Amino acid sequence: MTAGAAIGKFEDPRLETARKRLRESVDRADTLEAIREIVTNLLGCEEIGLFTVERGSGGLLWSFGIDTQRHHTLDSFDECALHRVMQGELHVAQVDHEGHGHHGNPPLRIFVPIRVHNRTVAVLVMLKLLPQKLGFDKADINLVKLLSDETGGALFEKSANTNA
Amino acid sequence: MTAKKILLVDDSKTALMMERAILEKRTRYQCVTASDGLEAVSKASEEHPDLVLMDVVMPRMNGFEACKKLRQLPETREVPIVLLTTRGEETYVEAGFQCGCNDYLTKPVDGEELVKLLRSYLGE
Numbered sequence: 029m030t031a032g033a034a035i036g037k038f039e040d041p042r043l044e045t046a047r048k049r050l051r052e053s054v055d056r057a058d059t060l061e062a063i064r065e066i067v068t069n070l071l072g073c074e075e076i077g078l079f080t081v082e083r084g085s086g087g088l089l090w091s092f093g094i095d096t097q098r099h100h101t102l103d104s105f106d107e108c109a110l111h112r113v114m115q116g117e118l119h120v121a122q123v124d125h126e127g128h129g130h131h132g133n134p135p136l137r138i139f140v141p142i143r144v145h146n147r148t149v150a151v152l153v154m155l156k157l158l159p160q161k162l163g164f165d166k167a168d169i170n171l172v173k174l175l176s177d178e179t180g181g182a183l184f185e186k187s188a189n190t191n192a
Numbered sequence: 551m552t553a554k555k556i557l558l559v560d561d562s563k564t565a566l567m568m569e570r571a572i573l574e575k576r577t578r579y580q581c582v583t584a585s586d587g588l589e590a591v592s593k594a595s596e597e598h599p600d601l602v603l604m605d606v607v608m609p610r611m612n613g614f615e616a617c618k619k620l621r622q623l624p625e626t627r628e629v630p631i632v633l634l635t636t637r638g639e640e641t642y643v644e645a646g647f648q649c650g651c652n653d654y655l656t657k658p659v660d661g662e663e664l665v666k667l668l669r670s671y672l673g674e
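From first to last, the protein sequence lines are chains A and B. So that you can map any letter, position 40 of the first sequence is 68 in the numbering used here, and since no number is skipped, the others follow by simple counting. So that you can map any letter, position 100 of the second sequence is 650 in the numbering used here, and since no number is skipped, the others follow by simple counting.
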C-alpha cells in the first residue's frame with residue numbers, strides 16, 4: 029500500500045494518525061511540531077533535522093536532538109545519497125554493525141525529500157533510533173513517504189507564513 | 551453494560567490521536583484525555599477512569615510525579631496505571647515502578663500489544 033492510498037479498513041493506524049495530525053496543523057510551527065511528534069512517537073527516531081536546499085545553501089532550518097554543530101549543513105552527509113534525494117528519492121540506510129551508534133542506539137541515515145510541486149525544497153534527515161526500536165520496516169517507510177508527500181506545502185508555500 | 555473508561559495522558563497530540571485510534575478500532579473502551587500530569591490528576595478525580603495510560607516526559611507535572619500523586623489519592627490509589635513512553639532505559643523503567651505504575655510500555659506503541667495488556671486489566 030502506498031502512503032497516499034485512501035484510508036482503508038486495514039491501514040496502519042500510524043498512517044491514519046499521521047495524515048490526520050498533519051492535515052489539522054494550523055501553521056508552519058504546528059506542522060514542525062507534528063513532524064517531531066510523528067518521528068519520535070510513531071517512528072521511534074530521536075534525532076531529526078530539516079535542511080533547506082533553496083539557493084543551494086543546505087542550511088539547517090530546524091532540528092530536534094541533533095548535534096547542530098556537527099550537522100549545521102547538508103555538507104556533513106553522503107553526497108551520493110543527497111543527489112538521489114534531490115531527485116525526489118527516499119534514502120534509507122541502516123548501519124547495523126557495532127560501534128557506529130550512540131549509546132547503543134541503532135545508527136541510521138534516512139534522507140526524506142520534502143517536495144513542493146514535484147521539486148525538492150528541503151531534506152528531512154533522521155539519524156538515531158530509540159534503543160527499543162530495532163530497525164525500519166516497510167510500514168515505517170510508508171510513514172516516511174507520507175512526511176515527504178504531505179509536509180512541503182505547509183512548510184514552504186506562501187500561505188505558511190508563520191515563523192517556527 | 552457500561553464501557554470501561556481509560557484516561558489517556560500525553561502532551562503530544564499525535565500520541566493521543568494514535569492511542570485513541572487503536573482503542574476505538576479494537577475495543578469498546580471509552581477514552582478521556584489529559585495533556586500533562588497535573589491535568590491527569592484532576593481528570594482522574596473527576597472522571598473516575600478504570601485505567602490510566604500515561605506518558606512520562608510532559609510539562610508541568612511528569613508521568614512519574616503524577617503516578618505518585620494518583621497513588622496518594624483515595625479515589626485513584628487502586629486504579630491501574632500503565633506508563634507509555636519513548637524512554638525505554640532501565641533507570642526510567644525502575645523509576646516508573648517505584649512511583650507505583652502497574653506496567654511500563656515503550657513507544658512506538660504496538661497496537662496489538664497495547665490492547666492485549668489493557669484487556670488483561672479491564673477485560674473485553
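Hints listed in this document are in silico derivations from the structure and should not be mistaken for laboratory results. Errors might be hidden in some of the hints.
Cut-off 35 Å, straight-line C-alpha distance, at most; resulting in silico cross-link-like pairs (DSBU-like, lysine-lysine) [said to hold, decoys possible]:
1. B:Lys618 with B:Lys575
2. B:Lys619 with B:Lys554
3. B:Lys619 with B:Lys563
4. B:Lys554 with B:Lys575
5. A:Lys173 with B:Lys563
6. B:Lys619 with A:Lys48
7. B:Lys666 with B:Lys563
8. B:Lys618 with B:Lys563
9. B:Lys555 with B:Lys593
10. B:Lys575 with A:Lys173
11. B:Lys618 with B:Lys593
12. B:Lys554 with A:Lys48
13. B:Lys619 with B:Lys593
14. B:Lys593 with A:Lys166
15. B:Lys563 with A:Lys166
16. B:Lys555 with A:Lys166
17. B:Lys563 with A:Lys48
18. B:Lys563 with B:Lys575
19. A:Lys173 with B:Lys618
20. A:Lys173 with B:Lys619
21. B:Lys593 with A:Lys48
22. B:Lys618 with A:Lys166
23. B:Lys554 with B:Lys666
24. B:Lys618 with B:Lys554
25. B:Lys618 with B:Lys666
26. A:Lys48 with B:Lys666
27. B:Lys619 with A:Lys166
28. B:Lys619 with B:Lys575
29. B:Lys666 with A:Lys173
30. B:Lys563 with B:Lys593
Per label pair, the in silico range of CB-to-CB distance [stated by the list, open to error]:
31. B:Glu674 with A:His100: 30 to 40 Å
32. B:Glu596 with A:Gln115: 49 to 59 Å
33. A:Arg147 with B:Val607: 30 to 40 Å
34. B:Leu623 with A:Gln115: 34 to 44 Å
35. B:Glu640 with A:Gly87: 52 to 62 Å
Here are some, though not all, of the chain A residues that point toward chain B, as calculated from beta-carbon distances under 8 Å [as the list claims (entries may be wrong)]:
36. Thr45
37. Arg47
38. Asn69
39. Glu185
Predicted, not measured: the structure shown is a model, and the values here were computed from it. All C-beta atoms, glycine included, are put in the ideal place defined by N, C-alpha and C.
For each hint, the structure was consulted:
1. B:Lys618 with B:Lys575: holds, 31 Å
2. B:Lys619 with B:Lys554: holds, 22 Å
3. B:Lys619 with B:Lys563: holds, 23 Å
4. B:Lys554 with B:Lys575: holds, 15 Å
5. A:Lys173 with B:Lys563: holds, 21 Å
6. B:Lys619 with A:Lys48: Answer holds: B:Lys619 to A:Lys48 is near 33 Å, not above 35 Å.
7. B:Lys666 with B:Lys563: holds, 23 Å
8. B:Lys618 with B:Lys563: holds, 24 Å
9. B:Lys555 with B:Lys593: holds, 12 Å
10. B:Lys575 with A:Lys173: Measuring from Cα to Cα gives roughly 24 Å; hence the hint holds.
11. B:Lys618 with B:Lys593: Distance of about 15 Å is within 35 Å: holds.
12. B:Lys554 with A:Lys48: Since the Cα atoms of B:Lys554 and A:Lys48 sit roughly 26 Å apart, the hinted pair holds (cutoff 35 Å).
13. B:Lys619 with B:Lys593: Status holds; Cα separation ~13 Å.
14. B:Lys593 with A:Lys166: Violated: B:Lys593 and A:Lys166 sit about 38 Å apart, past 35 Å.
15. B:Lys563 with A:Lys166: holds, 24 Å
16. B:Lys555 with A:Lys166: holds, 34 Å
17. B:Lys563 with A:Lys48: Satisfied, since the Cα-Cα distance of roughly 11 Å is no more than 35 Å.
18. B:Lys563 with B:Lys575: Within the cut-off at roughly 18 Å; holds.
19. A:Lys173 with B:Lys618: violated, 41 Å
20. A:Lys173 with B:Lys619: violated, 41 Å
21. B:Lys593 with A:Lys48: It holds: about 26 Å lies between the C-alpha atoms, which stays within 35 Å.
22. B:Lys618 with A:Lys166: Not OK: B:Lys618 and A:Lys166 at ~39 Å, beyond 35 Å, violated.
23. B:Lys554 with B:Lys666: holds, 15 Å
24. B:Lys618 with B:Lys554: Distance ~23 Å between B:Lys618 and B:Lys554 Cα, so the pair holds.
25. B:Lys618 with B:Lys666: Given pair B:Lys618, B:Lys666 holds - Cα atoms ~25 Å apart, limit 35 Å.
26. A:Lys48 with B:Lys666: holds, 25 Å
27. B:Lys619 with A:Lys166: Roughly 41 Å separates the two Cα atoms, so the pair is violated.
28. B:Lys619 with B:Lys575: Within the cut-off at roughly 31 Å; holds.
29. B:Lys666 with A:Lys173: holds, 30 Å
30. B:Lys563 with B:Lys593: Between B:Lys563 and B:Lys593 the Cα gap is close to 17 Å, so the pair holds against 35 Å.
31. B:Glu674 with A:His100: 30 to 40 Å: Violated, since B:Glu674 and A:His100 (Cβ atoms, about 53 Å apart) do not stay within the stated range.
32. B:Glu596 with A:Gln115: 49 to 59 Å: holds, 54 Å
33. A:Arg147 with B:Val607: 30 to 40 Å: Check passed, 37 Å falls within 30 to 40 Å.
34. B:Leu623 with A:Gln115: 34 to 44 Å: violated, 58 Å
35. B:Glu640 with A:Gly87: 52 to 62 Å: At roughly 38 Å between Cβ atoms, A:Gly87 and B:Glu640 fall outside 52 to 62 Å, so the hint is violated.
36. Thr45: holds, 4 Å
37. Arg47: The hint is violated - A:Arg47 has no Cβ within 8 Å of chain B, the shortest such distance being about 10 Å.
38. Asn69: Hint holds; A:Asn69 Cβ to chain B Cβ min 5 Å, cut 8 Å.
39. Glu185: Violated, because the Cβ-Cβ distance from A:Glu185 to chain B comes to roughly 22 Å (cut-off 8 Å).
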